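As they're listed, the protein sequences go chains R and G.
Going by our numbering, the first residue of the first sequence is number 1, and it counts up by one from there.
Going by our numbering, the first residue of the second sequence is number 1001, and it counts up by one from there.
Since the hints were derived computationally from the structure, they do not count as laboratory data.
Take the hints with a grain of salt, since some may be wrong.
Stated by the list, open to error - For lysine-lysine, the following DSSO-like pairs were computed, each having C-alpha atoms within a straight-line distance of at most 30 Å:
(1) 250/R / 1005/G
(2) 304/R / 318/R
(3) 232/R / 1033/G
(4) 169/R / 1059/G
(5) 250/R / 1279/G
(6) 279/R / 71/R
(7) 1264/G / 1018/G
(8) 1005/G / 18/R
(9) 232/R / 1195/G
(10) 1264/G / 166/R
(11) 1304/G / 59/R
(12) 264/R / 166/R
(13) 59/R / 1264/G
(14) 279/R / 1264/G
(15) 1318/G / 264/R
(16) 1018/G / 264/R
(17) 232/R / 1005/G
(18) 1264/G / 264/R
(19) 1295/G / 1264/G
(20) 1059/G / 1264/G
(21) 1166/G / 264/R
(22) 264/R / 1279/G
(23) 1250/G / 195/R
(24) 1033/G / 264/R
(25) 1005/G / 1025/G
(26) 1164/G / 1285/G
(27) 285/R / 1005/G
(28) 25/R / 195/R
(29) 1018/G / 279/R
(30) 295/R / 279/R
(31) 1304/G / 264/R
(32) 25/R / 112/R
(33) 1232/G / 264/R
(34) 1250/G / 1164/G
(35) 1195/G / 250/R
(36) 1285/G / 250/R
(37) 232/R / 1264/G
(38) 318/R / 1005/G
Because the structure is a prediction, the values reported are computed rather than measured.
Number of protein chains: 2
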Amino acid sequence: MVQAKAWILARHFDGFPKDSDFQLKEEELSEPKDGEVLLEAVFLSVDPYMRPFSRVRMKEGDVMIGTQVAKVIQSKNPAFPLGSHVVSRSGWRSHSLSDGSDLIPVMSEWPKDLPLSLALGTVGMPGLTALYGIEEVLGLQAGETLLVNAAAGAVGSVVGQIAKIKGCKVVGSAGSEGKVAFLKELGFDQVFNYKTVTSLEETLRSASPEGYDCFFENVGGTFSTVAIQQMKDFGRIAVCGSISTYNDAKPQTGPYPQMTMIMKQLKMEGFMQSRWADKHQESLKRLMRWVKEGKLQWREHVTKGFANMPAAFMGMLKGDNTGKAIVAV
Amino acid sequence: MVQAKAWILARHFDGFPKDSDFQLKEEELSEPKDGEVLLEAVFLSVDPYMRPFSRVRMKEGDVMIGTQVAKVIQSKNPAFPLGSHVVSRSGWRSHSLSDGSDLIPVMSEWPKDLPLSLALGTVGMPGLTALYGIEEVLGLQAGETLLVNAAAGAVGSVVGQIAKIKGCKVVGSAGSEGKVAFLKELGFDQVFNYKTVTSLEETLRSASPEGYDCFFENVGGTFSTVAIQQMKDFGRIAVCGSISTYNDAKPQTGPYPQMTMIMKQLKMEGFMQSRWADKHQESLKRLMRWVKEGKLQWREHVTKGFANMPAAFMGMLKGDNTGKAIVAV
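Please build the complete structure, drawing on both the sequences and the hints.
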């Protein structure tokens, strides 16, 4: 028997999440049955999507959804041997039982010098999101100009680097001088701090006077309104996130985009990486290869302690993280 | 020499157009030079696009843009013989000179029992817009459910009928009981008057409880916000028009669509028929064939007199027309 901890959504978020919306629950887990494994969380992911999904995929009293890298500490399933690591959709739990159906073994050829937490970031869901957004949604071509916002985040930082790999000009927006410096290190062509520019419109125009072929959208809200105006004719927009609107108690409003979309004949598509699950394995290998070749650099913002999951989540929503926000147990 | 009349954009529209925004100008046209023809307008088109295009393609003092069916009344160009008819982008002019480069001869096999004004509607630009929106943008498939608003208009009425030809379920929205009756005659599966329904959301849900695969958007504004919520996962939206926002002195605002586009993985694309100009000739033949076979029915709202161009235009913007709004000289 194992004493397990889990973070519960005690109350649906109303506006920005607060401590009292979460509750730590303890429970005893029984021994795994035949075919089952007992998992212990090593790294847990906090991601922007958890905020909007809390409303549509969770009810009050549910364990917070989420992915983790876990170690198999008891095994009655030969596919997941004792001591091996898996990526699991166990939610915000310190320990969990699984029949293996929702588990993905961490890549067997995982390099010794890379932390397993990368399986929650650049070589995990955020990396896949960046890759599919670029290849499947935008169809980004060499020589094109791409705009990405929340560019220093887990997805955005991979987006910009893949676009560079593909021979594109990359313009990135982020929310601090530190993030701007990080993005310059990554090789972004133009970077700016959206919080300190005088005019977002002027900044976007001067970063690419001829406009943007593609826009990888992570922010939404007023940024989207301004960015859409700067697209080239036939521009494509991959809508991955809308973090500036996730914590609205009352939905923000802005000018309708339809007229601009007609005049410029723009295409805008919302997407989630799960759509291309059949390509995940091959895609993760490509992401890992780019990491090993040094073409995909990464940074993590690590919060220590399972007890700090809510704080890590709220910090990430505020933009505390450069790179992927991770909780290390 | 011919005394020609032309309607000028005297002042840029501020909100809904008014009489004083237009001015009638007279001028004398000289004889056509070698290679030129002298045209006399027979039917002129008034279309929604003229309102937003007035801002981006015209300056004060310019002749209003637009297309007409004209008769060649003098010809020094053998490609356009005396007495023949052409579709011309002459704008709001009673007479004009052309070197032929912007003229399209009216289809030689034009049936005697069909008015030439159809070349400005169902077998013209609005028909092409409907066809390309369905085939090139939406990729509408048999068995799918399509929503179209401004469904009794020049484009919308063709959209719904082509969707029926393709074996789809069609739900249409229009703004009067007369239009609703017309759309039922055309074979639309579900039709409603958006001005009198208690709840647009409930009406859309009950018309297609399983949601919509495709949405042909002519209206924009609050309709778009409600309709997007009713799309199926992976739904496609062709943005053709946004007539409910064209006359805003100050842009209307609404909730940002990004979050819904992500959750449902929607695709939204703005378009203009001119993108597929290389297919126009073949497409017009298909439209004409459907008309002859009775599969594409049509109705026109004809205003008599070149003097009434502004009134016809403003009436169309108010929704006076069922089917295509035409001015007969």
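Comparing the hints with the structure gives:
{"no.": "1", "hint": "250/R / 1005/G", "in the structure": "54 Å, violated"}
{"no.": "2", "hint": "304/R / 318/R", "in the structure": "18 Å, holds"}
{"no.": "3", "hint": "232/R / 1033/G", "in the structure": "40 Å, violated"}
{"no.": "4", "hint": "169/R / 1059/G", "in the structure": "35 Å, violated"}
{"no.": "5", "hint": "250/R / 1279/G", "in the structure": "46 Å, violated"}
{"no.": "6", "hint": "279/R / 71/R", "in the structure": "25 Å, holds"}
{"no.": "7", "hint": "1264/G / 1018/G", "in the structure": "41 Å, violated"}
{"no.": "8", "hint": "1005/G / 18/R", "in the structure": "69 Å, violated"}
{"no.": "9", "hint": "232/R / 1195/G", "in the structure": "37 Å, violated"}
{"no.": "10", "hint": "1264/G / 166/R", "in the structure": "29 Å, holds"}
{"no.": "11", "hint": "1304/G / 59/R", "in the structure": "63 Å, violated"}
{"no.": "12", "hint": "264/R / 166/R", "in the structure": "25 Å, holds"}
{"no.": "13", "hint": "59/R / 1264/G", "in the structure": "20 Å, holds"}
{"no.": "14", "hint": "279/R / 1264/G", "in the structure": "20 Å, holds"}
{"no.": "15", "hint": "1318/G / 264/R", "in the structure": "26 Å, holds"}
{"no.": "16", "hint": "1018/G / 264/R", "in the structure": "28 Å, holds"}
{"no.": "17", "hint": "232/R / 1005/G", "in the structure": "38 Å, violated"}
{"no.": "18", "hint": "1264/G / 264/R", "in the structure": "24 Å, holds"}
{"no.": "19", "hint": "1295/G / 1264/G", "in the structure": "34 Å, violated"}
{"no.": "20", "hint": "1059/G / 1264/G", "in the structure": "41 Å, violated"}
{"no.": "21", "hint": "1166/G / 264/R", "in the structure": "29 Å, holds"}
{"no.": "22", "hint": "264/R / 1279/G", "in the structure": "20 Å, holds"}
{"no.": "23", "hint": "1250/G / 195/R", "in the structure": "26 Å, holds"}
{"no.": "24", "hint": "1033/G / 264/R", "in the structure": "38 Å, violated"}
{"no.": "25", "hint": "1005/G / 1025/G", "in the structure": "6 Å, holds"}
{"no.": "26", "hint": "1164/G / 1285/G", "in the structure": "19 Å, holds"}
{"no.": "27", "hint": "285/R / 1005/G", "in the structure": "69 Å, violated"}
{"no.": "28", "hint": "25/R / 195/R", "in the structure": "38 Å, violated"}
{"no.": "29", "hint": "1018/G / 279/R", "in the structure": "57 Å, violated"}
{"no.": "30", "hint": "295/R / 279/R", "in the structure": "21 Å, holds"}
{"no.": "31", "hint": "1304/G / 264/R", "in the structure": "35 Å, violated"}
{"no.": "32", "hint": "25/R / 112/R", "in the structure": "34 Å, violated"}
{"no.": "33", "hint": "1232/G / 264/R", "in the structure": "26 Å, holds"}
{"no.": "34", "hint": "1250/G / 1164/G", "in the structure": "38 Å, violated"}
{"no.": "35", "hint": "1195/G / 250/R", "in the structure": "26 Å, holds"}
{"no.": "36", "hint": "1285/G / 250/R", "in the structure": "51 Å, violated"}
{"no.": "37", "hint": "232/R / 1264/G", "in the structure": "26 Å, holds"}
{"no.": "38", "hint": "318/R / 1005/G", "in the structure": "63 Å, violated"}
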